[in-house]
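Undergrad: Here is how the chains run, residue by residue.
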Amino acid sequence: MMPENAVSIAGLKVVYDGQSALDLESLEFEEGRIHILVGANGCGKTTLLRAVAGIERPVSGSVSVFGEDLYGLSRKEFLKAIRGISLCFQKPYLFNTSVKSNIEYGLRFRDLTAEEKRRRVRDAADALALGPFLERNAHGLSAGESQRVSVARLLAIRPKIALLDEPIANVDVSNKSRVESAVERLREGGSTVIVATHHMEQAYRLSANVVRLEDGRIAPPALENLIEGEIEEMDGLLYLVAGGVALSVASGKPGFARASIEPTAIIISSDKIHSSARNSLEGTVKKLSAHGGLVSLEVDAGVTFTAHITEESFNQLGINLGSKVYLTFKASAVTVF
Amino acid sequence: MSGFGFLFESIVNAFKLIFSGDAQVYSAVSVSLQVSCTSAVLCTIVGVPAGFALAVGRFRGRQLVITLLNTLMALPTVVVGLFIYAFITRRSIIGPLDLLFTKKAMILGQFVLALPIVIALTNSAISSLDKSVRETAVTLGAGRLHTSFAMLWEGRFAVMAAVTAAFGRVIGEVGISMMLGGNIAAHTRNITTAIALETSKGEFAFGMALGIILLLIALGMNFLLRYLQGRGES
Chain A
13 MMPENAVSIA GLKVVYDGQS ALDLESLEFE EGRIHILVGA NGCGKTTLLR AVAGIERPVS
73 GSVSVFGEDL YGLSRKEFLK AIRGISLCFQ KPYLFNTSVK SNIEYGLRFR DLTAEEKRRR
133 VRDAADALAL GPFLERNAHG LSAGESQRVS VARLLAIRPK IALLDEPIAN VDVSNKSRVE
193 SAVERLREGG STVIVATHHM EQAYRLSANV VRLEDGRIAP PALENLIEGE IEEMDGLLYL
253 VAGGVALSVA SGKPGFARAS IEPTAIIISS DKIHSSARNS LEGTVKKLSA HGGLVSLEVD
313 AGVTFTAHIT EESFNQLGIN LGSKVYLTFK ASAVTVF
Chain B
10 MSGFGFLFES IVNAFKLIFS GDAQVYSAVS VSLQVSCTSA VLCTIVGVPA GFALAVGRFR
70 GRQLVITLLN TLMALPTVVV GLFIYAFITR RSIIGPLDLL FTKKAMILGQ FVLALPIVIA
130 LTNSAISSLD KSVRETAVTL GAGRLHTSFA MLWEGRFAVM AAVTAAFGRV IGEVGISMML
190 GGNIAAHTRN ITTAIALETS KGEFAFGMAL GIILLLIALG MNFLLRYLQG RGES
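Chains A and B are the protein sequences, given in the same order. Last residue of the first sequence: 349 (my numbering), numbering continuous. Last residue of the second sequence: 243 (my numbering), numbering continuous.
There could be a bad hint or two in this list.
Here are some, though not all, of the chain A residues that point toward chain B, as calculated from beta-carbon distances under 8 Å [claimed, not checked]:
| hint | residue |
| --- | --- |
| 1 | I67 |
| 2 | R95 |
| 3 | S98 |
| 4 | F101 |
Far from chain B, some chain A residues (derived; all Cβ distances over 12 Å) [claimed, not checked]:
| hint | residue |
| --- | --- |
| 5 | A22 |
| 6 | G23 |
| 7 | A52 |
| 8 | S72 |
| 9 | K88 |
| 10 | E128 |
| 11 | D138 |
| 12 | S260 |
| 13 | S272 |
In case anyone wonders, no lab produced these hints; they're calculated from the structure. Note that the structure is predicted; figures quoted are calculated from it, not measured. Positions of the beta carbon are idealized from the N, C-alpha and C atoms, including for glycine.
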């Protein structure tokens, strides 16, 4: 069965003071997965999250949540629909009461037993290491602690759609992994999670479903040659094993990992070359395209790689579709997230 | 007797009156508290929701209403007294209700005097809240009513200050109490009308005793407000 789209965007336009803040033709977020929005500040990430949360009315277009056009619903249906969506703001507002009351605030509007509410508050607080702060007034917390409380509120609610805007922006190093684990827990609990971040590393640590925004529009992916696999240690060396290919990597921990290779870091040759580079793979050219003095090659070597070479090199090598080529790159050219 | 001697003797006698439990003094205090507390409570019941609605509502003429309310905050008490008098005098429409020279008339007058203060200051308190208060409540699943409660809760100290300001205005006013209450001993004579009357009769110590009590009430209200604000911030 095809997975349903939790959120579908069509022709969405949001304007601030006459200036276009968001202009998206089409974008879909599959149910039950973690999706990442990346881009520089002001690229429209926050605006998109606000539009999906129901607090930023677009000038045109639609935001469909589980098939229902959010901004086309009656007031009553709209309120019912947005009850399943929660947003963790980049600069979260915490109510002027205890941390505990802040975490349980959203649970007041859910049909849960008192015991279940207590359990959820405790679990969310534990997950974000907020236990010692529970009775403290939330207005006395640091920016990073406030952000953790804000994530804990979402974790307690377990919304159908969880939106997080720069959730680690102010969080200290020791708690970043807690926030990332909380995002994963939200997904495991059945939420569709959309995270906006400008930290590329965090983006790919959390998910391979990355959408890049630029000036309010969808831009080409930030990374090419994104590979998902398992890091294994063999003879004291680390390898990323994916699609029957073992790539030598310079860093990483054994277990599931995502990695990328910059297309210009891959050397294309017609014969195997002997060099210090630890990765050398044979493959077949599947696709060719030229742009801006560079030729882009898609090579199937068990995993499909994209490499960029100059037109001069391309002409010298005499490459055609179906040609056998060798791909050579250093272990350090493989960025493990 | 020198000026200072007179003042000193008046203060001593004022404290004697306060600590001796003088019936006339405490009767005036009782009337003041009954009338002003009732009018302040009524103003809170009507004014806080009205001020909230004014802050969150967007309608034609909203700015005009706000300007009007700000003007009414400085309304002279005798003007309020005069208008209410015209409405409740025996020859007027609601004359048969026989309100003139009763505590009810004083409450009505003080209500009219303080209502614009509560509405205007509540509007200001809610308008100055960060918009993320409302958005946070909405995105956590709160409906319209709970979102309103969340906003009032976050603005509670400023709203309390609005009510305190209104109470301070009514407990210290004299024009309305005099015109609508009639300054009838043990019935409608409150602190301010008693001060006016007794001082004009030369009973300076009596007036001063009531003046001290009035100041203590105002001080107590403000201490209570500060205490609650302090607790909220801790």
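Undergrad: Against the structure, test the hints numbered earlier, and report the numbers of the ones violated in rising order.
TA: 9
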